[in-house]
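For reference, the chains in residue letters:
Number of protein chains: 2
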Amino acid sequence: MMSSIRRSAIVAAVSLSVLVSVPVGAQTAPLASWNDGPTKQAILNFVRATTDRSSQQFVQPDERIATFDNDGTLLVEQPLYTQGIFALERVGALAEDHPEWKTTEPFKSVLERDEAAMAKFTEADWEKIVAATHSGMTVEAFNEIAAKWLATATDKRFKRHYTELVYQPMLELLSYLRANGYKTYIVTGGGQDFVRAFAPRVYGVALEQVVGTAGKTKLEYAQNGQAELVKAPEILYVDDKTGKPEGIHLVIGRRPWGAFGNSDGDMQMLQWTQAGGGPRLMMLVHHDDAQREYAYGARSKVGTFSDSLMSVAKKGGWTVISIRNDWRRVFPFDP
Amino acid sequence: MMSSIRRSAIVAAVSLSVLVSVPVGAQTAPLASWNDGPTKQAILNFVRATTDRSSQQFVQPDERIATFDNDGTLLVEQPLYTQGIFALERVGALAEDHPEWKTTEPFKSVLERDEAAMAKFTEADWEKIVAATHSGMTVEAFNEIAAKWLATATDKRFKRHYTELVYQPMLELLSYLRANGYKTYIVTGGGQDFVRAFAPRVYGVALEQVVGTAGKTKLEYAQNGQAELVKAPEILYVDDKTGKPEGIHLVIGRRPWGAFGNSDGDMQMLQWTQAGGGPRLMMLVHHDDAQREYAYGARSKVGTFSDSLMSVAKKGGWTVISIRNDWRRVFPFDP
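As you go down the protein sequences, you meet chains E and X in turn.
When you line the first sequence up against the working numbering, it's residues 101 to 435, in that order.
When you line the second sequence up against the working numbering, it's residues 101 to 435, in that order.
It should be emphasised that the hints constitute simulated quantities derived from the structure, not laboratory data.
There may be inaccurate statements among the hints.
Which copy is meant is left open, so a pair is good if it fits within one copy or across any two.
Calculated lysine-lysine pairs in the DSS-like style (CA-CA distance at most 30 Å, straight line) [claimed, not checked]:
#1 LYS414 to LYS256
#2 LYS228 to LYS414
#3 LYS318 to LYS415
#4 LYS202 to LYS228
With the hints as constraints, model all of the structure from the sequences given.
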């Protein structure tokens, strides 16, 4: 029997090879895990309008940019963002070197597994935890730590590695857009370096196509005189809300034609996409399927989909994806 | 007779089509404007070592990143960086809306064309000039202003548009690396948005492959409710010296295999490249040809090539390109 790590590596390899084997313009049913209906049709219409040379809305290949939020849009984000779980577990792993954490918040609550206290963590508490666990090592060392953790840590409900909890319909959408000449970018409020640790393997998205909240780095010289880049505790910019279009301009320099999100943090990215005019596609994943995944909305602590976002979406004619109705399959491991 | 603007557009189109028409692995003499010798050989050896599948130093295609400084490495930077000239001319263009500039430094000196005072401008003076001329408009509006200026403004010595003053051997190097699977990036201390205004046309480098000093942007809502990105006067990060490897990690997320510069501001980028180990190529353009271009070095105000950079280069075994000896042709318009 294969170990679960090896099995997951093989699953990932197989799903990636499926992703890249779709020939450009293939007529074999794309988006197989999407139910037929207006949501799927909106995607097909968008791709046809922007890639058919005879279309009046044809978009030049080098302008074809599509941006995807990560947590809750491509990957399960409940009960907590994957990176949050990683950060909490890193506090435990690093506690030995930080005896002061036993008596200092927010670390004390994390080490005592005080769920009630942790549920009340503020943004500032989280920033302290992320700064303490995501800095002080080279960018390469951080990547190794994150990759190693992702290969072993397991979600409690699904008993799967976190990077297995990706949405099969969204993988198909990424693949379908790429097969039609779109460059697919992740634009995440999460840490850019953390998401880079799995984006190529899990999404087929290259390192340079991950835009996220970025910590500062610092060029230093090791004892042997070699230059190295060390992760610093300060944040350079927060890639959330207005930070998403700002981050897109910074890293990509182009306005997307398609933008995909699931929460209030994605609103501005979709608004800026739409303001470009023409046949833009704005989509929001709505988590309304407690049985197969989760159902959450305006009162959620994570991935809040507020009533005001819903009204902006309706007014703008954006497409709201219902997981319950639009997705035939949710996860790659679903039957 | 064609207008010079139309002619330059045609020249650009022709040179681009030459760039992209080189077939992968073509045996027709690459680097035709480089004289034979150890410098040219260093490039050929690097490409062979990293792209020949039978080489022990073979580099996977998706890891093939090469980074190029802009001013002085790809483009003439004397007597002043192109963007500096642009900023000074914009002060004149905007003066009518800023009557206070007549009595406020550094604007007063610019408006009075006081060359002696301008020669003494500090970094802080330049920051004020750039902030005043590079902000307060949408990112699209700035791009138009820059592109329009570049299409008309002319260098005094060569009587050419500034973007015609690119180094033919470096265009061939960009093209040769791309033909061998390298992604070519500009990594400039200059403004990212300014360089984006000409990088695709002049270098065949896509917008998303320009890394530079970046101003903050701000998502705002226009009177019609449309979201727009407005350039703010604050600097997000300075992509120079240690900022170059930091900017590379931020935007690309990979260490380059080849890095090309010409001044003290590029040293850290080349050091970090070299520290990755393996067959990395570090090259510095040395401006030693007053007749065909310029000769400048340690005491230059712009693009300083200090003695200490030369000693780091020698110690590291970096390749120093002598314009006088290594380049058969300097500019595309040279005979």
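How the hints compare with the structure:
Taking the shortest alpha-carbon separations for LYS414 and LYS256, neither the intra-copy value of 35 Å nor the inter-copy value of 56 Å comes in at or below 30 Å. For the identical chains of this complex, LYS228 and LYS414 are neighbours neither inside a copy (37 Å) nor across copies (43 Å), given an alpha-carbon limit of 30 Å. In this assembly of identical chains, the alpha carbons of LYS318 and LYS415 lie at most 30 Å apart only when taken from different copies (23 Å versus 45 Å within one copy). For the identical chains of this complex, LYS202 and LYS228 are intra-copy neighbours only, at 15 Å inside a copy versus 48 Å across copies, given an alpha-carbon limit of 30 Å.
When each numbered hint is compared with the structure, violations occur for hints 1, 2.
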